[in-house]
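Sequence lines, in order, name chains A and B.
Heads up, the first sequence is in my numbering, so the first residue is 1 and it goes up one at a time.
Heads up, the second sequence is in my numbering, so the first residue is 1001 and it goes up one at a time.
Since the hints were made in silico from the structure, they are not lab data.
Any given hint could be a false lead.
Across the chosen pairs, the derived CB separations fall in these ranges [to be verified]:
#1 B:G1310 - A:R254: 53 to 63 Å
#2 B:K1014 - A:G89: 48 to 58 Å
#3 B:R1306 - A:R306: 21 to 31 Å
#4 A:G153 - B:K1014: 41 to 51 Å
#5 A:A335 - B:A1249: 28 to 38 Å
#6 B:A1324 - A:G102: 14 to 24 Å
Coverage of chain A stretches by chain B, computed from C-beta distances (three or more under 8 Å per stretch; other residues unrestricted) [unchecked claim]:
#7 138-152
#8 161-167
#9 185-194
#10 262-269
In this text, a Cβ means the ideal position worked out from N, Cα and C, and glycines have one as well.
There are 2 protein chains.
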Amino acid sequence: MKPFLQVLRGEAQKVPPVWIMRQAGRYLPEYREIRAKARDFVDFCLTPDLAIEATLQPIRRYGMDAAILFADILLIPQAMGQSLAFVEGEGPKLEPIRDREGLKRLTVNGVAERLQPVMETVKGVKAALPGTVALIGFAGAPWTVATYMIEGGGGSDHALIRRMAWSDPVLFGGILDALTEATIAYLIAQIDAGAEVLQLFDTWAGSVPAPLFERAVIQPAAQIVKAIKAHAPHVPVIGFPRAAAPHLAAYAARTGVDGVGIDHMTPLSFAAGAVTPDKALQGNLDPILLLAGGETMTDEASRLVRAMTGRPYIFNLGHGVLPATPPEHVAQLLAAVRGA
Amino acid sequence: MKPFLQVLRGEAQKVPPVWIMRQAGRYLPEYREIRAKARDFVDFCLTPDLAIEATLQPIRRYGMDAAILFADILLIPQAMGQSLAFVEGEGPKLEPIRDREGLKRLTVNGVAERLQPVMETVKGVKAALPGTVALIGFAGAPWTVATYMIEGGGGSDHALIRRMAWSDPVLFGGILDALTEATIAYLIAQIDAGAEVLQLFDTWAGSVPAPLFERAVIQPAAQIVKAIKAHAPHVPVIGFPRAAAPHLAAYAARTGVDGVGIDHMTPLSFAAGAVTPDKALQGNLDPILLLAGGETMTDEASRLVRAMTGRPYIFNLGHGVLPATPPEHVAQLLAAVRGA
């Protein structure tokens, strides 16, 4: 069995498997070269030849232990009927959904079919991957995707979704439920196309008001994991509730995930205390360390690996690799992790 | 003794004392009226007549249990010699400090003297306050103030300070140490002018990479508290390490603070488990609830008060009151807390 999958069955590895979030991305010159071939970012994600190539680039260059499907968490709202555009230098823009009319315009049925190009990418990557490398499919978690859908873009304080979540729990719950259902269909289609592991990115879990965390984050994740396990009991799920340390214990215990991603603000020792040792931990090197590279980075990576000895652990960053990262620092990092 | 001060000695009150962060601010029409009289925001902070009036407005309107000095956390870098401007709609802009030359240009000596107008404000407020209302002085915590000094403004990912903290701990430590020293002098001057309680705002504590938290947040806070206690053993200190839940236990145990502010993303039950019950908790209502007001807000406020029964607790928000808050909702909130 692939080491990456063994870890997610709770079996600690002597050398932890490694991948890094956004490993296929702008810091790689070969990525920038193929990115220029697409009309826009959504087009890039939905052109299987390009997305397959982007997914495979970091595997070829670094020999990562896992490839992650190249796609975007906002393909789902688009497939549900919400307009989406990526504005250069400004991030994603969506026609915001803020009332029942907006919710009614969303379609759950047929989401996976409309995202068929993503499934072609999964199939193409699977066919090309070396036998030891695992293929990770993914989706944004409902809270995080809903922040974009309701705010209409990135934003930072997520005031509109917080206000809706408190003031109109029925509308908010309706959006979450529609997203949960669409996400399940999308992830199951990824499994059927060849994904061996799934990751649920809850990038904005840290902005959920504490009393709403159960409804906004834990419930949808639990529903998604349950549906995945019913369809494919052997496919592990990694949950990444970013910046939500006080909820880690509940998240790990109640969602049914097999692994938990840990951001770089949360001490790995805290995470190890909050998550039972049958579940894998993944993370949590500060991505900023890769800008300078060198011993500060490699010492810290080695420290994390040593601290996780005997625990099922996947080496990764605490957040995505930064676009300004020199590619050779990623190679240094992998050497440190594997030689640690 | 004022109920606010009793709580900070570890004595639970039947009705928790209340104040709200940014209670003197833009949501109040009377604030906007006097704000218009000053040339710019820094001028406003440094004009005692205006700052006294701003501090007192919410006391008059709502009968808060504590007044907080009207000032800004960036007055310290300015008093240390760093240029500061508030650009309308863009937030603060500072000439960034990123090397040893920049650090050398900072002056610690004389900071409190250069901030004499702030002390005039403290004196003026103290003379005007009703006898039951406590006067809170404050400063930004060194990490948070340093983010502005190094980034040159607000920003969101704090990449430059994180990079410096990892790569050049000597320079980073030098900036923290200078700030810590200046902050001690500034806070002691506030005590001497009449401040009865101090709050240390570490708004950006949540962006500190986990392995650096001890150096960036806990050490400076501990030094500041120690110096304050040496000067004025009776003056309690509230620390507010925002969005840093996994470090709350260590922060409460090792900094020597008498109370800990809790943001709205952290369950109050988690905070109550992390902080020993001899210390007060303060917070943590989501400020977004004040936009809509009504029962959702008052029910949640009552729930917090009930959950804290028997614990020393100060009612407050989890972050500053939003400028769009209707002032009457603040009155509703206080009625709910006091009648809960």
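Which of the listed hints are not met by the structure?
The structure breaks hints 1, 3, 7 and 9; every other hint is satisfied.
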